[in-house]
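As you go down the protein sequences, you meet chains A and B in turn.
Just so we're aligned: the first sequence equals residues 710 to 1153 in my numbering.
Just so we're aligned: the second sequence equals residues 1327 to 1682 in my numbering.
It cannot be assumed that every hint is accurate.
[Said to hold, decoys possible] Now the stretches of chain B that chain A is said to cover, found in silico as 3 or more residues with beta-carbon under 8 Å: (1) 1383 to 1391; (2) 1423 to 1436.
[Said to hold, decoys possible] Example chain A residues on the side facing chain B (calculated, C-beta under 8 Å, incomplete): (3) Glu1064; (4) Ser1065; (5) Ile1068; (6) Ala1069; (7) Asp1071; (8) Leu1072; (9) Glu1089; (10) Arg1134; (11) Leu1135; (12) Leu1138.
Worth flagging that the hints you see were computed from the coordinates, not collected in a lab.
Glycine included, C-beta positions come from ideal geometry on N, C-alpha and C.
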Amino acid sequence: MVQLSRSGSCRVATTQRRAGVYGKAGNLSRPSSAAIYGRWYDLRVDSGRARAYFDHNATTPVDPEVIAGVAATMRDEFGNASSVHHFGQRAKARLEEAREQLAALIGASPAELVFTSGGTEADNFAIRGVAEALEPLGRRHLVTTAIEHEAVLTTMRALERRGWRVTRVNPDRSGVVSAEALEAALAPDTALLSLMHANNEVGTLQPVAACAAVARSRGVLVHTDAVQSVGKVPVDVRDLDVDLLTLSGHKFYGPKGVGALWIRRGTRLLATMTGGKQERSRRAGTENVPGIVGLGIAAHLAATRLEEDGAAQTVLRDVLEQGVLAAVAETHVNGQGQARVPNTTNIGFAGIEAESLLIALDLEGFAVSTGSACSSGTLEPSHVLKAMGLSLHDTQNALRLSVGRHTTRDQVDRLIAALPAITERLRALTDRRAAIPGADRRPA
Amino acid sequence: MSGGVDSSVAAALLAEQGHDVIGLSMQLYDQRDGQPRFGTCCTIDDLHDARRVATRLGVPHYIINFESHFHARVVTPFVDEYVAGRTPIPCTRCNSDVKFVTLLERSAGLQADRLATGHYVQSRQDAHGAWHLHRGADPGKDQSYFLFALTQDQLSRALFPVGHLDKASVRAYALDRQLPVALKPDSQEICFVPDGDQAAFVARAAGARTPGPGRIVDREGRVLGTHGGVHRFTVGQRKGLQLSVGVPLYVVAIDATAEQVTVGPRSALEQRAARIDGVQWIAGRTPEGPIQAEVQIRHRHAPGAATVLAVDATQVEVQFAEPQYAITPGQAAVFYHGDEVLGGGWIASPAAPVRR
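Based on the sequences and whatever the hints tell you, model everything.
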């Protein structure tokens, strides 16, 4: 290949050859997902050890069917979906097919879906779009919760600097916000209530439908960030009774960089990404057709596997949670006793810095997470656990473990088995520090 | 791994020798304000550089949040020292109270046998099992002055893979191995004061405790002028006094309580003695009776022959054979025997100036 690409004439030959190879690949039978994931996630030796992935709330591995669909679209459907000609029409057809697949997953009509670059853009679009549309009507107030994703919290802080008022409702100690508290926060000039469907750190489901009914009856638009629930639990926009819903492809085995905002027909909001007339003038920019096709396939897979995946992951999560609680002393579950997404548990380890635990586990081949990571990849006390009223120590000792479609019982058992030795070691160091005067000396 | 060439080469050398290397970087201060900071240690860019090096070496790399430790153990004492009219060395605190305490503990939690850094110092264990600390082989880069406070326990778990090299060899090695930081300039400033304006930093951090304006006096107490706060001055400083006396005048003493800066001629800065507190001995024992040593009173300063007499476990009196220039409270005094570090402490006060 290197030699070929050195001369211009041969480069053409390479391209032709490449097209031929890909053409053939389409006819080959695809390996099953189990075969691929089995090899990749459990047996693959990466940096000298087998690895197990317990961070599906951060992102999920891309399903092989999605990969195949994205690759095929990149290869075959290069057209601009806005073009009038044959190539444009083909791309547009793929786009609309994906829209239908996604609509079917969440009980929406396809025309209500706007594709975005992901969950963060969809959250921005919902909040800024509503704010901009309703500000001329005298609305200047937003209601949300203290446990939202940064995409919601930071966007609202930006509006605050422009004179909007924001009320952030705290959850109870188990990580659920009460519908009554949200209702009490509504003001005559409230434009939008934004309430996440499932919390990313503890997994608790929020009373979206109950809040939405009240808020909408009082003329307040309702947005839900459903990034952590779509693909994990049944999500139906009519049942949730909201006006706007955010979802993201890479949280349910789709590609990164693609998501959507569902907008109930007739909802007042202005486009925040301005330019061409794509997405019915609601989101400008040439459509990411391969990514959107991948999102559609991921949605289709999620719809067909939802029940099966949910049941299997509930079992694995519960085994993991109970196993850790039994194997390691002085542990507790954050968000326990509440309805949660089936794949998530958040466990506190008294006397341990979660940062050290995460690194120690990674070195032994287990990928887990704590709260949200900041720009440099370091850890900060979780704003979610803080809002739940946990002590500073308890906000810094919690691990988030999130299983997924390809997690195996063996991986769960290995993680449970690895924890006692690691936690003992880390606790011994903490005790040692407390016992050594020099280790805690303060400068003069 | 700071993202600089020294710690990068330290990691590369160990990885090449077949050690099981884990890269650790410390995030030391708030990076979220998004302000670009150039040419200093441990910015977001530097942390990314550290990660790129780790990726090239094929070793795992983690960035650990040390903001609260760093603030409590380095930044706050730094501010307090300036408010008290002294001139602190935050790098020593960072080494002995953050890197070789908290980072060492974290690395032990990862079952690491040793903590390696890119410092230009050398450590050796003698036949009796005791550890010794020596200057780095490159006299221009030696950092032993900043590491006098290491204990036997800390030394026994430390590795200094570049200590026996000179800077040129370190850069050559980095270039040869194509480390992405091979040509990165050395950091110069105090890392958390990237613009070098320490007075402004102290004023921001100290708030209401910021020293107020006061008088500039000569050694006889005559008022020569006024100043904007004692934190703006260090002993030996000549610039910024805004006096028109005709002869060059230097800061010879700072009295934070009286908010007074004393100035005098250059000769007034030459002193033969100093009182040192917070003393630690590398060997872990206080020598009995006076010892002869070479005492270095600041970074990049030729050490002077001196008699060091321990007053008690943490205080010594140093009597120099020749007058030393600008013995500055807050700086470290480090005791050497040849290139070996015997110990050191913090300069509490110079003795009375030598009158000529």
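Going through the hints against the structure:
A count of 6 residues in the region 1383 to 1391 of chain B with a Cβ less than 8 Å from any Cβ of chain A is obtained; the coverage claim is therefore met, three being the minimum. Look at the region 1423 to 1436 of chain B against chain A: 7 of its residues bring a Cβ nearer than 8 Å to a Cβ of that chain, three or more, so the hint holds. Look at Glu1064(A): its Cβ gets to within about 6 Å of chain B, closer than 8 Å, so that hint holds up. This hint holds: Ser1065(A) has a C-beta 5 Å from the nearest C-beta of chain B, less than the 8 Å allowed.
This hint holds: Ile1068(A) has a C-beta 5 Å from the nearest C-beta of chain B, less than the 8 Å allowed. Because the closest C-beta pair between Ala1069(A) and chain B is about 6 Å apart, less than 8 Å, the hint holds. Given hint, Asp1071(A) at the interface with chain B, holds; its Cβ is 7 Å from that chain's nearest Cβ, closer than 8 Å. The interface hint given for Leu1072(A) holds, since its Cβ lies 6 Å from the closest Cβ of chain B, which is under the 8 Å cut-off.
With a least beta-carbon distance of about 7 Å to chain B, the hint placing Glu1089(A) at the interface is held under the 8 Å criterion. Taking 8 Å as the C-beta contact cut-off toward chain B, the hint placing Arg1134(A) at the interface holds, the least distance being around 6 Å. Satisfaction of the interface hint for Leu1135(A) is found here, the shortest Cβ-Cβ separation to chain B being roughly 5 Å, below the 8 Å cut-off. About 5 Å separates the beta-carbon of Leu1138(A) from the nearest beta-carbon of chain B, less than 8 Å, and the hint is met.
Against the hints set out earlier in the document, no violation occurs for any number.
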